[in-house]
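2 protein chains.
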Amino acid sequence: MPTAEASTGQDNHEMNNLFFSKTTVVGVGLIGASVALALKEKGLCGVIYGYGREEENLKKAKERGIIDDYSLDVCKACEGSDLILLSTPVGVFREIVEKIKGTIRKGALITDVGSVKGSLVYELESLMPAGVYYVGSHPIAGSDKSGIDDARAGLFTNTLCVITETENSGSMAIQKIASIWEAVGARVVLMDTFKHDEIYAAVSHLPHIIAYAIVNTVNDISADYIEYAGQGFRDTTRIALSSPELWRDISMFNKDNLIKLINTFRDNLDRITRCLENGDALGIEKDFLKAQELRRRLK
Amino acid sequence: MPTAEASTGQDNHEMNNLFFSKTTVVGVGLIGASVALALKEKGLCGVIYGYGREEENLKKAKERGIIDDYSLDVCKACEGSDLILLSTPVGVFREIVEKIKGTIRKGALITDVGSVKGSLVYELESLMPAGVYYVGSHPIAGSDKSGIDDARAGLFTNTLCVITETENSGSMAIQKIASIWEAVGARVVLMDTFKHDEIYAAVSHLPHIIAYAIVNTVNDISADYIEYAGQGFRDTTRIALSSPELWRDISMFNKDNLIKLINTFRDNLDRITRCLENGDALGIEKDFLKAQELRRRLK
Numbered sequence: 069m070p071t072a073e074a075s076t077g078q079d080n081h082e083m084n085n086l087f088f089s090k091t092t093v094v095g096v097g098l099i100g101a102s103v104a105l106a107l108k109e110k111g112l113c114g115v116i117y118g119y120g121r122e123e124e125n126l127k128k129a130k131e132r133g134i135i136d137d138y139s140l141d142v143c144k145a146c147e148g149s150d151l152i153l154l155s156t157p158v159g160v161f162r163e164i165v166e167k168i169k170g171t172i173r174k175g176a177l178i179t180d181v182g183s184v185k186g187s188l189v190y191e192l193e194s195l196m197p198a199g200v201y202y203v204g205s206h207p208i209a210g211s212d213k214s215g216i217d218d219a220r221a222g223l224f225t226n227t228l229c230v231i232t233e234t235e236n237s238g239s240m241a242i243q244k245i246a247s248i249w250e251a252v253g254a255r256v257v258l259m260d261t262f263k264h265d266e267i268y269a270a271v272s273h274l275p276h277i278i279a280y281a282i283v284n285t286v287n288d289i290s291a292d293y294i295e296y297a298g299q300g301f302r303d304t305t306r307i308a309l310s311s312p313e314l315w316r317d318i319s320m321f322n323k324d325n326l327i328k329l330i331n332t333f334r335d336n337l338d339r340i341t342r343c344l345e346n347g348d349a350l351g352i353e354k355d356f357l358k359a360q361e362l363r364r365r366l367k
Numbered sequence: 069m070p071t072a073e074a075s076t077g078q079d080n081h082e083m084n085n086l087f088f089s090k091t092t093v094v095g096v097g098l099i100g101a102s103v104a105l106a107l108k109e110k111g112l113c114g115v116i117y118g119y120g121r122e123e124e125n126l127k128k129a130k131e132r133g134i135i136d137d138y139s140l141d142v143c144k145a146c147e148g149s150d151l152i153l154l155s156t157p158v159g160v161f162r163e164i165v166e167k168i169k170g171t172i173r174k175g176a177l178i179t180d181v182g183s184v185k186g187s188l189v190y191e192l193e194s195l196m197p198a199g200v201y202y203v204g205s206h207p208i209a210g211s212d213k214s215g216i217d218d219a220r221a222g223l224f225t226n227t228l229c230v231i232t233e234t235e236n237s238g239s240m241a242i243q244k245i246a247s248i249w250e251a252v253g254a255r256v257v258l259m260d261t262f263k264h265d266e267i268y269a270a271v272s273h274l275p276h277i278i279a280y281a282i283v284n285t286v287n288d289i290s291a292d293y294i295e296y297a298g299q300g301f302r303d304t305t306r307i308a309l310s311s312p313e314l315w316r317d318i319s320m321f322n323k324d325n326l327i328k329l330i331n332t333f334r335d336n337l338d339r340i341t342r343c344l345e346n347g348d349a350l351g352i353e354k355d356f357l358k359a360q361e362l363r364r365r366l367k
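Residue numbers (my numbering), protein chains in the order written: chain W, 69 to 367; chain Y, 69 to 367.
In isolation and in its complexed conformation, chain W is listed as follows:
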């Protein structure tokens, strides 16, 4: 994948030097909590603070040893931290950075785990105070689950993590963020922020919109029909169990790519519809075969 990927060239020696005395996880859900657990397991951090909207969830995270303490005040939670992880829905990243920018310690690293990058990364970068480094991350380790109950240190083992690079990214910051993800088990690729959004519109965001739309189609015909579904339907629509709030934000942030892709998808659907209408069985088989061949690359 030469267009978007580049090795970070990180070696074990450098990774072993990673240590963050105070880490803040802003949004303690599946990904945030799993990062916290993984950092602890790998001995990369001292104390971990959590911030979130629901105290109940933060209490539970503390009781389970996912975080060491928490605050319902995001500035307090981030004060003095040398690593801040944004793991809320992407729609609130900007608001949070606006709030905390006055209290972030010099030399701190900020990253996120959002599924959209594009111009958002540039916006967040521009808000950083001098001496604070922001690098966007996207671990490809999501799930239809979004709570801490499914969090685990091993969530990132053998997964891909995209790190976005801009003209302004400091190379040391990039290296450090890459080292963190590699230390917790991920394979890191560097990518332009807009390329990222184009790729993930196709391989993640569109499939989510479609999965929701398939379930709503069944609902339009007769909701009870869902009881007759087998494994194929279950798998195809598993991601329709995903958080509507999270995917609303992702869809809105990546809407330009999505609108284009929905058109391309619609062309594919129209071609099949014409084959059905014209009784063109061979046309359908060729179309299915082409898809099967490409899908086999993932086996």
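What the hints contain is simulated information worked out from the structure, not anything from laboratory work. All the given hints hold, so there is nothing to weed out.
Pairs of lysine to aspartate or glutamate, EDC-like flavour, derived with a Cα cap of 20 Å:
no. : chain 1 : residue 1 : chain 2 : residue 2
1   : W       : Lys354    : Y       : Glu313
2   : W       : Lys213    : Y       : Glu361
3   : Y       : Lys358    : W       : Asp292
4   : Y       : Lys328    : W       : Asp288
5   : Y       : Lys263    : W       : Asp292
6   : Y       : Lys328    : W       : Asp292
7   : Y       : Lys263    : W       : Asp288
8   : W       : Lys358    : Y       : Asp303
9   : W       : Lys367    : Y       : Glu295
10  : W       : Lys328    : Y       : Asp348
11  : W       : Lys108    : W       : Glu131
12  : Y       : Lys328    : W       : Asp348
13  : Y       : Lys167    : Y       : Asp141
A quick note: this is a predicted structure, and the numbers were derived from the prediction, not measured.
Using the hints provided, position chain Y relative to the given structure of chain W.
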């Protein structure tokens, strides 16, 4: 599910009386071979004959003890059988029945494992010689795999099996076919053939067409993007690995339901597109939430 389901009221005593001295599996693939293995495991059959297009596959099935013998002549394979299972792609059911109808033994039971029923069941029924009983079956146990390598006796354990009933179905034949599926572990529901096709267009056939179309959409943008896909894409498009030949037939046989459903699906996609274009985040969230709620019924 009162509209389509009815208990077969089968008890264990009756099931124990089931025995077929010669069974023929016409099309020895994943489902046919799994039925053969399950019948053997449950002691429901004497000798099992296989028929298929590829001798290599039949040889392998015989070596593995899935079938006891085979013939490349479908009439020979079916001669004297008291149970015949059609497990080829649905597109050749009619041709096979036309061929074998002169040699089917009186009192024989014929069933199939096809994913479409509708008028096809009536056609096949009309071809049966006097004293031969045909009942359509659809075990909801398919997979993207279609070969004998993945066949196993336990494939039907705790799955659903739809049996279609027509005005002409003999009640003893229905009972016997239901007993076979129950004996191999399935939960049986009786259903009208056209109702079956309406339901499975929504919960199986449309999702297959869409899965193929998602992969082809990625292909249209850039095939290499597939390398960046995570688990969501893998699950959503797993069924795009399914046999193009099999799904060509299913799509063509159920095209009227599919064309209607594709329109309903397109309406859902258009609504989301309008929300994206208008920046209507709340509209998107409501739509996703509705889908999430219905999908949760399957958890």
